[in-house]
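**Q** Residue strings, one per chain:
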Amino acid sequence: MSDNRLVNPLDNGRPTLVDNLIDGWELVVGLEVHVELATATKLFSASANRFGDEPNIHIDPVTLGLPGALPVLNRHAVELAMRIGLALDCTVQPSTFHRKNYFYPDMPKAYQISQYDQPINIDGHLDLPNGQRIGIERAHLEEDTGKSTHVGGPSGRIHGSSHSLIDFNRAGVPLVEIVSRPDMRTAEEARQYVTELRGILLAVGASDAKMEEGSMRCDVNVSVHKPGTMFGTRCEIKNVNSVRSLGRATEYEARRQIAMIEAGETVRQETRHWDENDGRTYTLRTKEDADDYRYFLEPDLVPLDPSPEWIQAVREALPMLPGARRTRLGAATGTAPDSEAVMVVVERGQDDYVLAVGHLGGDVARALVHVKEAYADQGAEPSVAAQDLALLTRMEVGGKLTATQAKAVLADIVEAGGGDAQAIAVAKGFEALDTSSLEALVDQAIAENADAWSKFQAGEGKALGALVGAVMKSSQGKADGKLVTALLNAKKG
Amino acid sequence: MKVAKLARLDLDPDEIDRTTSQLAGMLEHFADMDALDLTDVVPMTQPYPLRNVFREDVVVEGLLRDEVLAEAPAAEDHRFRVPPILGLDL
Chain V
4 MSDNRLVNPL
14 DNGRPTLVDN
24 LIDGWELVVG
34 LEVHVELATA
44 TKLFSASANR
54 FGDEPNIHID
64 PVTLGLPGAL
74 PVLNRHAVEL
84 AMRIGLALDC
94 TVQPSTFHRK
104 NYFYPDMPKA
114 YQISQYDQPI
124 NIDGHLDLPN
134 GQRIGIERAH
144 LEEDTGKSTH
154 VGGPSGRIHG
164 SSHSLIDFNR
174 AGVPLVEIVS
184 RPDMRTAEEA
194 RQYVTELRGI
204 LLAVGASDAK
214 MEEGSMRCDV
224 NVSVHKPGTM
234 FGTRCEIKNV
244 NSVRSLGRAT
254 EYEARRQIAM
264 IEAGETVRQE
274 TRHWDENDGR
284 TYTLRTKEDA
294 DDYRYFLEPD
304 LVPLDPSPEW
314 IQAVREALPM
324 LPGARRTRLG
334 AATGTAPDSE
344 AVMVVVERGQ
354 DDYVLAVGHL
364 GGDVARALVH
374 VKEAYADQGA
384 EPSVAAQDLA
394 LLTRMEVGGK
404 LTATQAKAVL
414 ADIVEAGGGD
424 AQAIAVAKGF
434 EALDTSSLEA
444 LVDQAIAENA
454 DAWSKFQAGE
464 GKALGALVGA
474 VMKSSQGKAD
484 GKLVTALLNA
494 KKG
Chain G
3 MKVAKLARLD
13 LDPDEIDRTT
23 SQLAGMLEHF
33 ADMDALDLTD
43 VVPMTQPYPL
53 RNVFREDVVV
63 EGLLRDEVLA
73 EAPAAEDHRF
83 RVPPILGLDL
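Residue numbers (my numbering), protein chains in the order written: chain V, 4 to 496; chain G, 3 to 92.
Just so you know, the hints here were simulated from the structure itself, not pulled from any lab data.
Since we're looking at a predicted model, the values are computed, not measured.
The hints are all genuine.
Here are the simulated PhoX-like cross-link-like pairs (lysine-lysine), alpha carbons at most 25 Å apart as the crow flies:
1. V:Lys112 - G:Lys4
2. V:Lys103 - G:Lys4
3. V:Lys375 - V:Lys481
4. V:Lys103 - G:Lys7
5. V:Lys485 - V:Lys465
6. V:Lys103 - V:Lys241
7. V:Lys112 - G:Lys7
8. V:Lys465 - V:Lys495
9. V:Lys375 - V:Lys431
10. V:Lys494 - V:Lys458
11. V:Lys495 - V:Lys485
12. V:Lys476 - V:Lys458
With the rest of the complex left out, here is chain V (with noise of 0.2 Å):
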C-alpha cells in the first residue's frame, strides 16, 4: 500500500487483499438482516404470529391500524432482542420507539413502527469462522408488514400486475434488524456472515431464521471503489431470499457497477430488486431521504429502558454459542476452528457427542471424523450411545481395526442405531493383523519390489507409496497403513 493512499473512514483499518479484488476493484458489503421473532403473539397486540395459516385470520384492530386502536408492547420480544444483541456482544441501551411514515397497502397505518435515533442493541460485533470481525452498527426492535400477492402480471411479478391482494397475518409480527458496518470484502464473506448470524439465532432461540419462509430476510449494501479511494456509491439490493442467492446477488451486483463505472457511467445510489430467475438486479426505486419518511417518536409508546438485573439474567441465561463451540471442538480434537469437520459437527448440535465420546475413554479425533462422515442424518442426540462410538475408536487407535475397517463396523453400528463394535468386528472377520503376520508382510513386500525398495532406501519418498500399497493388497485392506509406514522406516534404519 502506498503512503499517499487515502484515509478511507469507513474502511475499518481493514488491509486490502489482492486474492479479494475484482478486476482491481474492491468490494464493500454491509448487510441488513431482518429476522422475525419466535414469540407466540405480535410486536404490539396479542394475534398469533404464525406462518403459513389462512390468510387474515390473525388480526385484530392494532394489525389493521383501525381508529383509536393502542399498541402495547411485547415483553417477550423485547427479551428476545436483548438475547439478539448480548449474543452479538451489543451494549443494550434505553430506547424509543419512532413512526416512519409512507403509504403502501400492506402497513394499513401509513407508518411503520420502527426504533430510530435510539435502537435498544448498539455497537456489537459478529467474528466469522477464520477469526475476521464484522462491526454490528444496531440491532433494533420494529414491526413487519402484510404480505402482497401481485395478480394479473406475468409470474407473479409487481410489474404489470392488474391489482395486489394482502394478507395481513404477518403484520405487526416482531422483527429485529441486524445492521453491519461496511466490514465484509467479498460476496463469500456476505455468505458467512449470514451463515453464522443464522447459527447465532438458533442457539439462542431468537427465531427459527428460515429463509426460504422469509423469517430471515437479507438487504445487501454493495460498492466498489479501487483500493485506496473512499468508498464507492452504494445500491442497497432487496429479495435475496437464500445464502445462495445471497452470493450470486453481490457479485452480480458489483459486476455491474464496475462495467458501468469502466464505461464511464455513475452508480447511483437506489434500492434494486434481485431477480432469482434471471440472475440480475433492477431498479426498484432512488433511494428515499431519511427526511420523507418524516420520523417522529410513537407518542402512543412508552420509552424501553430493561433494568441492569433484566439484562444480566438474559446474558446469564444465552448458551454457549457457535464459535465457543467450534473454538472448544477444535481445540480437544486437535483441529482447526475453522475446519469443515469441526464446522459441520458443530452445525449439526453434535459438538456435545463428540466430547462424549472423549470422557468415555474414546479418541476424540477419531470420533471427530466418524461423526462427521457418518452421522449426517443424525440430530443432535445421534441414536447411537457415544460409548459404542467410545468403543469403536480406542480399537482404532490400538490398532485393532484399520481406518477403513472402522468405517465398515460403524456403518453397521448406524443403522442398527448402536451395536458393540468389538462384535460386529469378529463377525465381519475383521481380526486386525498382529505384528509378526504384518511384518511377514512387510517383508515379502519389500521381496517383490526390490526395486521400490531400493529406491525407498535411497530417500525417495514416493517409492513408499508402491510398498504401502503392496501390503494394503496382500493384506486385503486389513493392515494399517500407518503401522506399515513405521515398520518400513523401522526396517530401513
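Given the structure of chain V, go ahead and fit chain G onto it with the hints provided.
**A** Just chain G, lined up with the frame of chain V:
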C-alpha cells in the same frame, strides 16, 4: 408541496398558500427554540413519567376475517384487494 405529496394531501392553490405560511411560522418558532442553549436539558420523549409498559406474550383471539373483509372496499380470495402497487409510488 413536497410535504403535501408525502402525506397524500390534495390541496388547492389557496390552501397551499395558507398552509405554507402557517408552516413557515412554525419553523420560525422552532428556530427560536434552536437558539436556546439546552445542553443540560434532558429530552422529554413522553409527557408521562412511564417506562417499560408491557403485555405478556399470550394469544388473544382477534377479529373475524369474514366480518372484516365485508367492511373492506374490495376483497378477493380471503384477502384485501388493492389497486396495482407500482402506480402508487411517489
